[in-house]
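Enquirer: So the chains spell out like this:
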Amino acid sequence: MIANSVVETDWPEEFSEEIEKAQNALPKKIDANPKTVEKGLAKLVLTLIELIRKLLEKQAMRRVEAGSLSDEEIERVGETLMKLENKMNELKQIFGLKDEELNLNLGPLGDLM
Amino acid sequence: MKLYLYGIIDSSNQITESIYGLEGSNVYNVPFCDIGAVVSEISQPIQDVTEGAVLEHEAVAEKLMANFTVLPARFQTIIDGKDSLLSMMQSYYEDFKDNLARLHNKLEFGIKIIWSADKVKKSIVKALKKGEQRMIDSSPSKRFIKEKFEKYKIDEEFEAKADRFIKVMDIFFSKFASEKKLKKLKTDNLLLDAVYLIEKDRENDFRETFEHIKSGPPCLRYLFSGPWPPYNFVVLSKKSDFLRDSEQADLFDKVTKCQVLAGPPTQRLVRRAGVDSI
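As they're listed, the protein sequences go chains B and C.
Take the first sequence: its letters are residues 1 to 113, numbered as in the numbering used here.
Take the second sequence: its letters are residues 1 to 278, numbered as in the numbering used here.
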């Protein structure tokens, strides 16, 4: 039996690679079993912290862009964000997590980040 | 005997032509009121998602599409028996009827566009450097903020540029679409992953528009696919495990990928879903 749908492209390998990347970006389910429960929980908690960290960072960038931060404030915000990022990197290393793993698939709403 | 569900159709009549599905089983219609569930008997659950099985499922859905309006079922939808099937049909009857009416005479087409994220970002960096404002970067904290700000501006412009490209493309494609779903930047390179629902008699206009768009900026790479059963446009009012969920859209991508991979990589590819006769 032959189906009729046509897939037409001059760049099959590039598209195949990108489709694969998009599909593999996030796991469909959280892997929660006795052996990996600690890592699974750490992943969930760090994902939420990462979301808050990114929101803080974005807000800071908006304020830098708007010119509403004084020199001292830039210094303080920079130090805080830098420490927060370093701490996150440490925690990711401890739990063996990569940046791309810190995300959640919210189904029809898309990805958390 | 368990039943493998391929889709729901707008007919309660038996299928007149011979269609063979997974495991080479005969495909038939189980009527419920004025609609039907198209199934074949299956002896065991499908263990692995193989290219062959995905394409077999897809081939059945497409074969049905030639004569009926089809709500394609999720790949690997197995129902315990006829009683369970009829009970499911009863629960979702109104939903099925609404969808069948809405999707009547309509086909789904996919358009994917790739751009080179690296090149786009390089051009943004170049443009931003021209208008760069000096920020005093004496301390590590300020240097950190400066770096983050540069990245923020690049990302912001990258997104804005993607929006502008997509808006222009979509103006052309939307002219012929009853419904659409657009996903921007699923990956940095995958600028657009779109599905359009097109009336059957506007199919040629849509294809011509695609050919016209394709002859535009050489920096963009295109993938056109279809006609598909409306995988991405079935909307159910209550949650279902067999028709529309995130895995359903995945099947669309799986079929696309299977077909893309089946072709010669270095030359122009016009690939039909090559499922052998069973």
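Simulated from the structure, these hints should not be mistaken for laboratory data.
Among these hints, one or two may not hold up.
As the list claims (entries may be wrong) - When the alpha-carbon atoms are kept at most 30 Å apart in a straight line, the in silico BS3-like pairs for lysine-lysine are as follows:
| no. | chain 1 | residue 1 | chain 2 | residue 2 |
| --- | --- | --- | --- | --- |
| 1 | C | K2 | B | K58 |
| 2 | B | K54 | C | K153 |
| 3 | C | K146 | B | K92 |
| 4 | B | K92 | C | K148 |
| 5 | C | K167 | B | K21 |
| 6 | C | K97 | C | K121 |
| 7 | C | K183 | B | K21 |
| 8 | B | K83 | C | K167 |
| 9 | C | K183 | B | K83 |
As the list claims (entries may be wrong) - Take a look, some chain B residues computed to stay more than 10 Å from chain C by CB distance:
| no. | residue |
| --- | --- |
| 10 | E18 |
| 11 | K21 |
| 12 | L44 |
| 13 | L48 |
| 14 | I74 |
| 15 | V77 |
| 16 | I94 |
| 17 | L97 |
| 18 | E101 |
| 19 | N103 |
The model shown is predicted, which means the values in this text are computed figures rather than measured ones.
Think of the CB as a built atom: it goes at the ideal place given N, C-alpha and C, for glycine as much as any other residue.
Enquirer: Decide, hint by hint, whether the structure agrees.
Expert: For each hint, the structure was consulted:
Of the supplied pair hints, the one linking K2(C) and K58(B) is violated, its CA atoms being roughly 53 Å apart against a limit of 30 Å. A C-alpha spacing of about 15 Å is found between K54(B) and K153(C), which places the hinted pair at or below 30 Å, so the restraint holds. Note on K146(C) and K92(B): the hinted pairing holds, with a Cα-Cα distance of about 24 Å set against a maximum of 30 Å. Using a Cα cut-off of 30 Å, the hinted pair K92(B) and K148(C) holds, with the two alpha carbons roughly 20 Å apart.
Distance restraint check for K167(C) and K21(B): the Cα-Cα separation of roughly 24 Å lies within the 30 Å cut-off, and the hinted pair is therefore satisfied. Taken as a hint, the K97(C) and K121(C) pair is broken in the structure, with Cα atoms around 48 Å apart against an allowance of 30 Å. A C-alpha spacing of about 15 Å is found between K183(C) and K21(B), which places the hinted pair at or below 30 Å, so the restraint holds. Simply put, K83(B) and K167(C) have alpha-carbon atoms about 40 Å apart, too far for the 30 Å limit, and the pair is violated.
The straight-line distance between the Cα atoms of K183(C) and K83(B) is roughly 35 Å, outside the 30 Å bound, and the hint therefore fails. With a cut of 10 Å on Cβ distances, E18(B) falls inside the contact zone with chain C, its closest approach being about 4 Å. Against chain C, the non-interface label of K21(B) is violated: not every CB pair exceeds 10 Å, the least being about 5 Å. Listed as outside the interface, L44(B) is consistent with that label: its C-beta sits roughly 19 Å from the nearest C-beta of chain C, beyond the 10 Å cut-off.
No beta-carbon of chain C is positioned within 10 Å of the beta-carbon of L48(B); the least distance is around 21 Å. The beta carbon of I74(B) is not kept farther than 10 Å from every beta carbon of chain C, the shortest such distance being approximately 6 Å. The claim that V77(B) is not at the interface with chain C is violated, since a C-beta of that chain comes within 10 Å of its own (minimum 7 Å). Every C-beta of chain C lies more than 10 Å from that of I94(B), the closest at about 22 Å, which supports listing it as non-interface.
The claim that L97(B) is not at the interface with chain C holds, since no C-beta of that chain comes within 10 Å of its own (minimum 20 Å). Annotated as non-interface, E101(B) keeps its C-beta farther than 10 Å from every C-beta of chain C; the closest such distance is 16 Å. Residue-level check passed: N103(B) sits 13 Å from the nearest beta carbon of chain C, beyond 10 Å.
Hint check: violations occur at hints 1, 6, 8, 9, 10, 11, 14, 15; the rest are consistent with the structure.
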